[in-house]
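Protein chains: 2
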Amino acid sequence: MAPGLRVGLLGYGVVGRGVAQILDARGDVEIRKILRHTPDKVTEARMTANADEILDDPDIDVIIECMGGLEPAHTYVMRAMQAGKHVVTANKKMLATHIIEIAAACETLDKKCRFEACVGGGIPWIHEILHIRRIDAVTSFRGIFNGTTNYILTRMTEEHASFAEVLAQAQAMGFAEQDPTDDVDGFDARYKGVLTCAAAFGRVPDPEEVPTFGIRGIAPCDLDYARVHGRVIKLVARGSFDGGRLALTVVPTMVREKDPLASVHDNFNGMEAESTTLGRSFYAGQGAGSLPTAHAMVQDLLSIPHPYSIDVHPSGKLAKRPAVYYVRGAKRGPLAELTAQDTGAAILTKPVSLQELKEHLVPEEGQKVFAAEIES
Amino acid sequence: MAPGLRVGLLGYGVVGRGVAQILDARGDVEIRKILRHTPDKVTEARMTANADEILDDPDIDVIIECMGGLEPAHTYVMRAMQAGKHVVTANKKMLATHIIEIAAACETLDKKCRFEACVGGGIPWIHEILHIRRIDAVTSFRGIFNGTTNYILTRMTEEHASFAEVLAQAQAMGFAEQDPTDDVDGFDARYKGVLTCAAAFGRVPDPEEVPTFGIRGIAPCDLDYARVHGRVIKLVARGSFDGGRLALTVVPTMVREKDPLASVHDNFNGMEAESTTLGRSFYAGQGAGSLPTAHAMVQDLLSIPHPYSIDVHPSGKLAKRPAVYYVRGAKRGPLAELTAQDTGAAILTKPVSLQELKEHLVPEEGQKVFAAEIES
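Those protein sequences? They're chains A and B, same order as listed.
Under the working numbering, the residue at position 238 of the first sequence is numbered 238, and the numbers go up by one with no gaps.
Under the working numbering, the residue at position 209 of the second sequence is numbered 1209, and the numbers go up by one with no gaps.
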């Protein structure tokens, strides 16, 4: 990007402050304006509580959106592009929901919308995928995209503590939200899986259609079962595309102890791509945090002149991918192949898709259901 | 790179063939000429055994050097740059030895010399470091840069086999050279460490000055000792730069079982960088092989227009970095702090530098010395 680039910052939370810290220390980018929610937070000359002052300012070249939430972020991003501005966003939920519309606007208006910070925080995951695609077709990916659940799973494994205890501890430390639904039920990982599909395959499903199973029902006995069998439980988003149908799932997965994903601890993220000539490549690092995420946004800003762009189409109906599952706390039903184990859990000996599994899992009286794919 | 780019390929071994396979499948790059060693290998119209036909061809824009060895590769690279050509090389030994001269020629002649394939095969390690440096200072790195020794260590650990047995097996499978010195004595990792210092810090030592200790003396009891203590032994190159003195060592290291480096198995490579805002980021993948290495060279080719360049200066004398070592098979000498262990090995309770350690290790009668840093 040419020195003298002028930026409007939408949002001044943990990430927005990190972006300002990095950019203010450089000489080549000017933050012209910063949007704050309310007039009482306007404490610097460059701050405003009026978004129009930023979106209508012809002297702003790029919008850096780190406000979060669907609206008004979505409206602001569309308005900014229509006003001739590029966009850098960290808002995975908004982008995963509106990516078809936003990618079409990028194409029509010849603007860039970069989203490295949406997925894997400081890890240059989206960049690497686009980089690989200069040469290869990416055929599949899998990864730990949510730091909160990975922190919970790590602590439960190491301290043999209950889900509720560790969640409370994570909330006290600020690693988990007061309403942890987005994280523990897998929705956050789902948005990131959708955005990875956009970068890797140019195909995206409706996020609501992605079969998703979280870790809310997990108990120490599940982690014990995994350990005894040389496995570790991780919340994994996994996508693949063979040129025809797209598959994407988010589900707790028993990975082998020697799997690189098993070495991703605490609130770190880690992901692996597979492509035609490069084979498997693995990336890990900070999945969130002020400066790592801000680093990703500044990288996006510096990369706006790069030719990378994504051509995104709706995937249509997702493919079903049969797998073998571990299940605990569900009634015997149509999935009658359940085999009893000493933990009170069962292994579905006949592979089923996550779609089918979710349909047929009915909790037993007073039990929480937990299911995990057993990686083949 | 503009379509229509014209390439001269020096060398047509495993990597050269991979490069030709990828480029021939694309429409945007023409391989004008390929250098073969001897006239009897000239089996295609674009092949020649005469390097002048390539180096003097004004219609060749970029030389892709995958011949290996110090000479004539070094002379050819210098001649190519003087003739106005960019260079992409996979020749770590040549580049680590001549990088000061070659970087100066890049500067003077306004040419690029890209070397992703020299370090970590298909892993975009050099690219990532240069990418991070757009924003951050890189402060340190460590990694498993040699696939052959990692394969040997993995097999010894899993099969409880001797070094000699596993080396013979690796040689039979083509994972190790008939003369394995460069790999098992750490020289290959040393070249890669030197080139990482160039990219990360802009400072390089004379490769001969880098304290290096290989795995030739390792025995199953060393791996047992590590396992009992929750460690795994890996051959690690580790560098750091604080703005003053550069430190670089190559030495077997007992890393914790939970360390990401411990999850790098078989002939894979894995490396970690630490930088100011991004924190720790970790990369792993194929460290060698025809197509992954060729992929890296084609990435370099496509990235020639990027502004990334390295400004490299001699580091001067390397800093000493004290560490705690495990030592087996050495006589008690000036390092009298040796503490006997049940394996016949000892732990140096007082931290010493690898430089000092190497000076004072005298083999016991009929023993091979093995030493490993115990990661703090």
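What the hints contain is simulated information worked out from the structure, not anything from laboratory work.
Each residue gets a CB set at the ideal place from its N, CA and C atoms; glycine is no exception.
Among these hints, one or two may not hold up.
Unchecked claim - Here's a subset of chain A near chain B, in silico, CB distances under 7 Å, partners left out:
no., residue
1, G122
2, Q169
3, Q171
4, A172
5, M173
6, K258
7, H265
8, F282
9, V298
10, I304
11, P307
12, Y308
13, S309
Is the hint on A:S309 kept, meaning its closest Cβ partner in chain B is under 7 Å away? With Cβ-Cβ at 15 Å, over 7 Å, it is violated.
Regarding the hint that A:Q169 lies at the interface with chain B, is the smallest CB-CB distance below 7 Å? violated (19 Å)
Return the status of the interface hint for A:F282: holds when the least beta-carbon distance to chain B is below 7 Å, violated otherwise. With a closest approach of 4 Å, the A:F282 hint holds.
The hint names A:M173 as touching chain B; please verify it with the least Cβ-Cβ distance against 7 Å. Violated, because the Cβ-Cβ distance from A:M173 to chain B comes to roughly 18 Å (cut-off 7 Å).
Less than 7 Å between beta-carbons is the criterion; does A:A172 satisfy it with respect to chain B? violated (23 Å)
If you take the shortest Cβ to Cβ gap from A:P307 to chain B, is it below 7 Å? It is violated, given that the least Cβ distance between A:P307 and chain B is near 10 Å, above 7 Å.
Using Cβ atoms only, decide whether A:I304 comes closer than 7 Å to chain B, and label the hint accordingly. At about 13 Å, which exceeds the 7 Å cut-off, the nearest Cβ of chain B leaves the hint on A:I304 violated.
Go through the hint on A:Q171 and say holds or violated, using the shortest Cβ distance to chain B against 7 Å. violated (23 Å)
Just to be careful: measuring from the Cβ of A:G122 to every Cβ in chain B, is the smallest value less than 7 Å? Interface hint status for A:G122: holds (5 Å vs cutoff 7 Å).
Go through the hint on A:H265 and say holds or violated, using the shortest Cβ distance to chain B against 7 Å. Nearest chain B Cβ about 6 Å off; hint holds.
Satisfaction of the A:Y308 interface hint, Cβ to chain B closer than 7 Å: Interface hint status for A:Y308: violated (12 Å vs cutoff 7 Å).
Interface hint status, A:V298 versus chain B (Cβ within 7 Å): A:V298 check passes; min Cβ-Cβ to chain B is 5 Å, inside 7 Å.
Of the hints listed earlier, those the structure fails to meet are numbers 2, 3, 4, 5, 10, 11, 12 and 13, in rising order.
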